[in-house]
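> Spelled out, the chains give:
Protein chains: 2
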Amino acid sequence: MVDYTPPLRDIKFVLRHIVGIEDLVEYPGFEHVDLDTINGALDEAGRFMSEVIAPTNRDGDEIGSIWVDGNVVTPDSFKDAWQKYVETGWSAVTGPLEYGGHGFPDAVGFALSEMFVSANLAFSLNPMLTGSAITVIADHAGDELRAIYLEKLVTAEWTGTMVLTEPEAGSDVGALRTKAIPNDDGTYRINGSKIFITWGDHDLSDNIVHLVLARLPDAPPGTRGISLFLVPKMLVDDDGTIGGSNHIETVSIEHKLGIHGSPTCVLAYEDSVGYLIGEPNRGMRYMFKMMNQARREVGLEGLGIADRAYQQALAYAKERRQGRAVGAPKTEQSPIIEHPDVRRMLMTMKAYNESARGLLYDTAAAGERSHRHPDETGRATAAARVALLTPVAKAWCTDLGVSMASIGVQIHGGVGYVEETGAAQHLRDARITPIYEGTNGIQAIDLVMRKIPMDDGAVVRAYLEEMAELAEALPASGDPRFTTMGAALGDAVGRLSEATEWLLGTADANDRLAGATPYLEMFGTVAGGYYLARLALAALDEEPDPWYEAKIDTAAFYAHQLLPRAAGILPSVTAGASDLFSIPVAGLDSVR
Amino acid sequence: MVDYTPPLRDIKFVLRHIVGIEDLVEYPGFEHVDLDTINGALDEAGRFMSEVIAPTNRDGDEIGSIWVDGNVVTPDSFKDAWQKYVETGWSAVTGPLEYGGHGFPDAVGFALSEMFVSANLAFSLNPMLTGSAITVIADHAGDELRAIYLEKLVTAEWTGTMVLTEPEAGSDVGALRTKAIPNDDGTYRINGSKIFITWGDHDLSDNIVHLVLARLPDAPPGTRGISLFLVPKMLVDDDGTIGGSNHIETVSIEHKLGIHGSPTCVLAYEDSVGYLIGEPNRGMRYMFKMMNQARREVGLEGLGIADRAYQQALAYAKERRQGRAVGAPKTEQSPIIEHPDVRRMLMTMKAYNESARGLLYDTAAAGERSHRHPDETGRATAAARVALLTPVAKAWCTDLGVSMASIGVQIHGGVGYVEETGAAQHLRDARITPIYEGTNGIQAIDLVMRKIPMDDGAVVRAYLEEMAELAEALPASGDPRFTTMGAALGDAVGRLSEATEWLLGTADANDRLAGATPYLEMFGTVAGGYYLARLALAALDEEPDPWYEAKIDTAAFYAHQLLPRAAGILPSVTAGASDLFSIPVAGLDSVR
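The listed protein sequences derive, respectively, from chains V and X. FYI, the numbering for the first sequence is 1166 to 1757, going by the numbering used here. FYI, the numbering for the second sequence is 1166 to 1757, going by the numbering used here.
Since the hints were derived computationally from the structure, they do not count as laboratory data. Don't take each hint at face value.
Since the list gives no way to pick out one identical chain from another, each pair is judged satisfied if it fits inside one copy or across any two copies.
Claimed, not checked - Result set (DSSO-like, lysine-lysine): computed pairs, CA atoms no more than 27 Å apart in a straight line: (1) Lys1616 - Lys1249; (2) Lys1344 - Lys1495; (3) Lys1616 - Lys1454.
Please read all numbers here as calculations on a predicted model, not as lab measurements.
The following block holds chain V by itself, in its conformation from the complex:
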């Protein structure tokens, strides 16, 4: 059994100093929420995740959700945990008050999600997608659909899915072909095949609410001709009672590298009844709005797995004895944590994880402020910031999730390669996160082509300036660690500015696209240093305590050893496309 201990002190520290939770709960709409209630809820949720959800993680991997006679069957431990999840009401924490939710800030929901992911990523995807469905329905569906479906989703009595992908329409959603034909009664007949539908079928709830992208007859080609439909697995009467089957066949599920507990379904819609959400041909717009939230949550998955991998590797490194550390007694083997190389791996995991937490929660907070901030300028500023940071939060943190889980395996040595240890599961599970919800390449393109040009570069420049100002302010703290930290951050921000200005000033689209992925890596690396420095500064303000000291030391380690890597990435941002295309396609073969 591999335990999970929720990092509550870290989460609360970030909520306070990065999210600004004390300010957030004063916003209109949060009159019923205060900081004590939030902290209490987090403690309770942490206990639930570690005691009820985390123990199901190995079952999810080893037993998995399987496909039997056209239906998905989940492991028994999932069924028990799901029932407790519904009963305890954790699903409803951020849901709207009018539909049975508790109306807590999204930032609190984000913290819950982090712990959920760490406890069992595969399991957590079901509530996460349900949350996305709730957002879309609440924002765009008509009163009738909202009345029938929202409360059931908020309370997790039913679950929701996002149904986009088709075999020829993956990253290129606009190529999809599923059809929606109007019926006389205002509903639609949906016909088509969809793939990669996460939790597209399961036995945890009585109904599943699919949000399906499809084309109306005579819709324009591409993304401008896609509409969004609500298509329940089981038909529902107006009073909410479940009727007959809606003819959605689960054709098969994928045999995947990881997240075996999360069924990835091939679904066939055969004259299934669908209800139009919002206006015709605006489906992609609604989806995009939800997608930004989903992308932050996928970034959070990177952190969640990386933190669990860290906890497991740390526990092993304290216990496992091999070799003798410098200065250790000759007669005994040292715990491997005393070897500098193992300590480096652990510090690397700790520092990247905490930097990712800063970036992710700042992005989520900006997302929340973009619609909650009491004044319009505040909302607009936050909207720009969340737009800028979302692709970085998604891609950088999921790449880290994979590499940190891989370090976790390495710390275990040979036993890390043995599946029973559980370290390898984290690597397998993490590997999906750079792929789904927009591949990390697509995130980088979004960052470079759409996000940094926002407002003629003013949004990204403001963010860079904010980081540069912090770098300049750090030495004033008087602690020598902040002097070196400030120098390293200032240098890194300067180079990121150089990369940014090159991209903003380059006309050729292929040249900019060529630099997209290294730019995002550089951006994440620098931003990570920025958040750690902010947290370190906050720690310095507190009464001295080893926990706060560790925050400062972690930031210093990152600034000295990881942040300088940003400079090494710069040349690949500004190299342009010619290096990439100089060899013709035929010349890329190993053999000719």
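With chain V held as given, fit chain X onto it using these hints.
Only chain X this time, still in chain V's reference frame:
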């Protein structure tokens, strides 16, 4: 079915320009070998690997070698392929002439191994370990053992294993406890449990020859008290016929992340008869000699998997259409290889793979010259070089194997996460290589603590000087790509020298140990650029041809975009240990 095409032109190019095969075949002992024979053998071997071995790779993963009633059962396709392997005589290419081998240079065997690994890593481990056993027996065993065992191993009629690890003795081999008690007839009774024994049991051959580390009674503690024994699975009469069981129980096999085709056995020796190899208490010395060869071969595994992953990703990127590349017709989706970000991933794989091939074959060639070079100075120089480069070849190339296989998954997008595609298998298979045969952390420690201090730093300085000289010479070629390449390489070598001198000049062992892993990464990155530049220069000398142009463009891409990362690593080499140990062990927990 995922095809494998042996990269014969690349291999021959490297044999010529990095290994110096034309010079090597003039050495005494190779009178019966010439370049034409070698090239013909490589062509034939390539065909064998792609047609006979490569098609078994998915079976190895999906069916795997399993444990049934105390015995290992391999997939049927393995049995067929193994029989053909024995019949065609590929096992004997480098074996000594007097024991049925063909006495080809080890460099040729290395090329065969590369293709073998790409075709099926799990399968190739059995011959690879047999090769290690042959080396140890040929070098250290007495005439009688050589007479009975060597020919059977060279012809692959029997296979060999390396039996080192025990539960409490992994990286710390000196902690092992298996006992060897002398019998009256000069043999020994071996008793003990061993774990992680690759191909420790199987059904491909009639006998398995275990080379087992064990302790004699009253042996000194630690590595100085370990002796090496030959312990056959089945007892063998003096005339080579197989007798009864030697009481080696296969207790279980591991359920691993990858290389499912390679059974990883827990073995129990119960009064098994063993024959001492060489002198008592010198087992570790014999093993270390073989280990260097084994470590290069594990480095080669990184390349072999990375090249197969590249071939598969390239084929997919040419075929899969999504989105529209800049300038492509509006009406159709472009092959994803036309997107700059996908092209970057492919170029990154191609460039790293070819740089790794240069480093690996240079290391192997130095290994061969260290015992084959006609004069003593030549042997000594080569011995120093192979000692220096072996840890880099092992660790850098296996880390690349994992990261390149991961890029291979990413290029496939969602289908890369589906096991049937086969891309994920490469990642799972590759993940063992940074762990076994000395973890990559141990390689880095070896490099920093034992290798760069050789001859007071003269060996590493000579290598750095060789790289610096090439960097200076590059611009003279007149081609502008070589001017930028020379500048980038010169800068990178300068920084690697700085890191090297810091390590050589630092007294505190923990400070040096703290910089070991980043130093090795930096070393590999710079060396990679060096080998690509050498190959590019060789290509420039040839009649212009797209294949040679691609070599130059690949080196230029690496120099412009990957090599500069070395500079970003430097600060973490020279930071010392204080950053790593500033947080006490208890402070590393997420929660306190």
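> Hint compliance check: list the failing hint numbers for this structure, sorted ascending.
Violated: hint 1 alone.
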